[in-house]
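First to last, the protein sequences are chains A and B. Under numbering that gives the first Met the number 0, the first residue of the first sequence carries the number 0, and numbering increases by one thereafter. Under numbering that gives the first Met the number 0, the first residue of the second sequence carries the number 0, and numbering increases by one thereafter.
To be clear, the hints were calculated from the coordinates, so they are not data collected in a lab. One or more hints might be untrue.
As the list claims (entries may be wrong) - Within a straight-line C-alpha distance of at most 27 Å, the following computed DSSO-like cross-link-like pairs (lysine-lysine) qualify:
| hint | chain 1 | residue 1 | chain 2 | residue 2 |
| --- | --- | --- | --- | --- |
| 1 | B | K185 | B | K213 |
| 2 | B | K231 | B | K249 |
| 3 | B | K213 | B | K231 |
| 4 | A | K285 | B | K144 |
| 5 | B | K249 | B | K4 |
| 6 | A | K30 | B | K237 |
| 7 | B | K22 | B | K56 |
| 8 | A | K30 | B | K209 |
| 9 | B | K144 | B | K56 |
| 10 | B | K192 | B | K106 |
| 11 | B | K209 | B | K249 |
| 12 | A | K286 | B | K144 |
| 13 | A | K30 | B | K231 |
| 14 | B | K181 | B | K237 |
| 15 | B | K192 | B | K213 |
| 16 | A | K284 | B | K56 |
| 17 | B | K106 | B | K213 |
| 18 | B | K111 | B | K123 |
Here the structure is a predicted model, which is why all the values come from computation and not from measurement.
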Amino acid sequence: MFFNWLGALPGAAAQGMIWGIMAVGVYITYKILDIADLTVDGSICTGGAVCAVLVTNGVNVWIAMLVALIAGMLTGAITGVLHTFMGIPAILAGILTQLILWSVNLKIMGKANIALPIRNYDLILAQINTVSSILVLLAFVGIMIALLYWFFGTELGTSLRATGNNINMSRAQGINTDVAKILGLVISNGIVALSGALLAQYQGFSDINMGRGAIVIGLAAVIIGEAVITRISQNMACRLIGVIIGGVIYYFVYQTVIFLGLDADLLKMLSAMVVAIFLAVPYWKKKYFTKAKGGHHNA
Amino acid sequence: MLEIKNVTKTFNPGTINEKVALKDLNLTLNDGDFVTVIGGNGAGKSTMLNAISGVWKPDCGSIIIDGQDITAMPEYKRAKFIGRVFQDPMMGTAADMEIQENLALAKRRGKKRGLRWGITGAEKEEYKKLLAQLDLGLETRLSNKVGLLSGGQRQAVTLLMASLNNPRILLLDEHTAALDPKTAEKVLAISDKIIRENHLTTLMITHNMKDAIKHGNRLVMMHEGHIIIDVKGEEKQKLKVEDLLDMFTKASGSEFASDRAMLS
């Protein structure tokens with residue numbers, strides 16, 4: 000049994016990296032923009048659906064992934080417009096888009112499930128080729144983090160970070176915070192959809208339910224990543240690497256508890272509970288464990 | 000250069016919480032004016048500054064900068080004319096970003112933000128010099144997060160940010176009120192210096208009447224949403240706190256009431 004567990008680890012690593020990429024999208028909205036964006040549950044499936052439909056219709060897999068990326072960006076734009084232009088609270092805007100996408104994803108696929116077996120199609124990764132899949136994913140992760148590191152260092156990227164950090168100050172400094180939020184949501188959901196396209200190829204199918212609870216896995220990866228990396232480095236690139244590592248650790252644990260005989264039906268509940276506790280810890284710390292400080296200021 | 004013409008603003012109209020915050024407000028600033036603004040609670044001081052910076056649109060009236068009507072211009076767009084420092088030291092800076100990143104954000108106020116790198120090497124040198132002038136030891140801490148600074152240090156950095164790119168007008172909204180007296184004095188001195196050196200047209204709200212008399216070349220007092228006293232030049236230099244209180248009683252027909260105003 001131990002060897003079975005060991006043998007499952009590379010697969011868990013690959014899957015963890017795919018979800019880690021997805022979690023990087025969550026990181027952009029949740030950590031940088033300070034928005035809890037629930038669009039991701041739908042947009043990850045949009046990515047998988049678009050990729051699967053195009054590839055099964057003979058389109059080149061790279062083009063299919065590019066279209067999936069663009070489709071994901073559009074889903075982010077919908078949430079962004081609902082939130083900024085229509086004034087709907089971000090969390091509700093995400094839920095509305097998620098519901099829109101349920102129908103859209105079904106329409107894209109024409110049914111609830113599309114098979115995408117590697118033996119019939121030219122894919123860039125698949126579960127049976129674990130090692131090459133991991134290499135492909137490593138390349139993806141490297142390029143993505145390099146691009147994001149560059150972007151969040153630019154004037155435009157800096158204005159996104161400022162918007163998430165202090166929205167009043169950002170407006171006072173001439174930043175169009177609505178545009179910044181939409182742009183952040185667009186980038187985030189583009190990445191999430193791309194991870195959906197990778198996931199569909201890896202597992203060999205696209206399914207209408209593949210995104211259910213994605214936000215929780217994403218948050219779990221972000222939280223684990225923070226716990227692992229923040230003490231080592233505050234650097235943006237390191238934090239993003241941390242999120243990927245967070246995804247991988249999440250799947251290692253997932254794989255392990257399954258091997259230990261845990262009912263797989265309970266996993267989503269357990270994930271949600273773990274995330275809830277981790278989200279509560281900083282709040283509890285603040286509420287119960289900070290001593291009242293004397294008001295001292297010095298210039 | 001700044002004209003506020005007949006501006007009126009009512010919050011929560013038609014409800015039990017209806018509040019006429021600005022009532023037919025008129026004020027014209029000349030280039031280089033440094034105006035201190037005083038008034039009791041709810042007199043409309045901060046509301047006036049928010050009207051200028053475009054936090055919301057006034058019900059009627061217009062706001063004009065350099066002949067350009069900006070009444071309908073969104074807040075982020077008119078930011079290119081305006082530098083702001085708020086009462087709350089947390090408000091004016093992004094806590095999780097570095098000191099130099101905050102300054103670089105302010106440096107690009109009113110400019111297009113593209114895909115160039117967010118901060119240049121030359122800028123870092125410039126910021127180092129500017130920070131050194133504050134005399135708070137911040138020039139060696141450029142890459143520190145602003146969240147690590149004290150309230151006074153944050154206000155000083157915010158002042159610096161507000162003054163970058165020579166805004167047409169600087170708005171200071173009780174920016175020393177949250178600081179202890181000694182720090183407040185230091186930040187005020189820094190404000191004076193920055194305003195003088197950059198010849199900034201300034202509106203400064205203060206609850207300290209002495210400060211209002213001591214600083215600037217002009218003093219206005221607000222009451223019930225408009226300006227009731229406007230003194231400048233020599234007359235202002237000679238003012239005493241008692242004079243101000245007398246003037247207030249005459250102009251408003253009531254006693255000056257503010258739980259925070261410092262009369263001495």
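Hint by hint, here is what the structure shows:
1. With a CA separation close to 14 Å, the supplied pair K185 (chain B) and K213 (chain B) stays within the 27 Å bound.
2. Taken as a hint, the K231 (chain B) and K249 (chain B) pair is honoured in the structure, with Cα atoms around 18 Å apart against an allowance of 27 Å.
3. With a CA separation close to 12 Å, the supplied pair K213 (chain B) and K231 (chain B) stays within the 27 Å bound.
4. Between K285 (chain A) and K144 (chain B), the direct Cα distance comes to roughly 20 Å. Compliance with the 27 Å bound is thereby established for this hinted pair.
5. In summary, the hint linking K249 (chain B) to K4 (chain B) is supported, as the alpha carbons are separated by about 24 Å, within the 27 Å threshold.
6. With a C-alpha separation of about 54 Å, the suggested pairing of K30 (chain A) with K237 (chain B) is violated against the 27 Å cut-off.
7. With a C-alpha separation of about 14 Å, the suggested pair K22 (chain B) and K56 (chain B) falls inside the 27 Å cut-off, and the hint holds.
8. Between K30 (chain A) and K209 (chain B), the direct Cα distance comes to roughly 45 Å. Violation of the 27 Å bound is thereby established for this hinted pair.
9. In summary, the hint linking K144 (chain B) to K56 (chain B) is not supported, as the alpha carbons are separated by about 34 Å, beyond the 27 Å threshold.
10. With a C-alpha separation of about 19 Å, the suggested pairing of K192 (chain B) with K106 (chain B) holds against the 27 Å cut-off.
11. Taken as a hint, the K209 (chain B) and K249 (chain B) pair is honoured in the structure, with Cα atoms around 20 Å apart against an allowance of 27 Å.
12. With a CA separation close to 24 Å, the supplied pair K286 (chain A) and K144 (chain B) stays within the 27 Å bound.
13. Under the criterion of a C-alpha separation no larger than 27 Å, the hint pairing K30 (chain A) with K231 (chain B) is inconsistent with the structure, at around 50 Å.
14. Restraint check for K181 (chain B) and K237 (chain B): satisfied, since their Cα atoms lie roughly 25 Å apart, inside the 27 Å limit.
15. Taking the CA atoms of K192 (chain B) and K213 (chain B), the gap is near 14 Å; set against the 27 Å cutoff, the hint holds.
16. The straight-line distance between the Cα atoms of K284 (chain A) and K56 (chain B) is roughly 41 Å, outside the 27 Å bound, and the hint therefore fails.
17. The hinted pair formed by K106 (chain B) and K213 (chain B) fails the criterion: a straight-line CA distance of about 30 Å is larger than 27 Å.
18. Only pairs whose Cα atoms come within 27 Å are accepted, and K111 (chain B) paired with K123 (chain B) is accepted, the gap being roughly 20 Å.
In this structure, the earlier hints numbered 6, 8, 9, 13, 16, 17 are contradicted, and the remaining ones agree with it.
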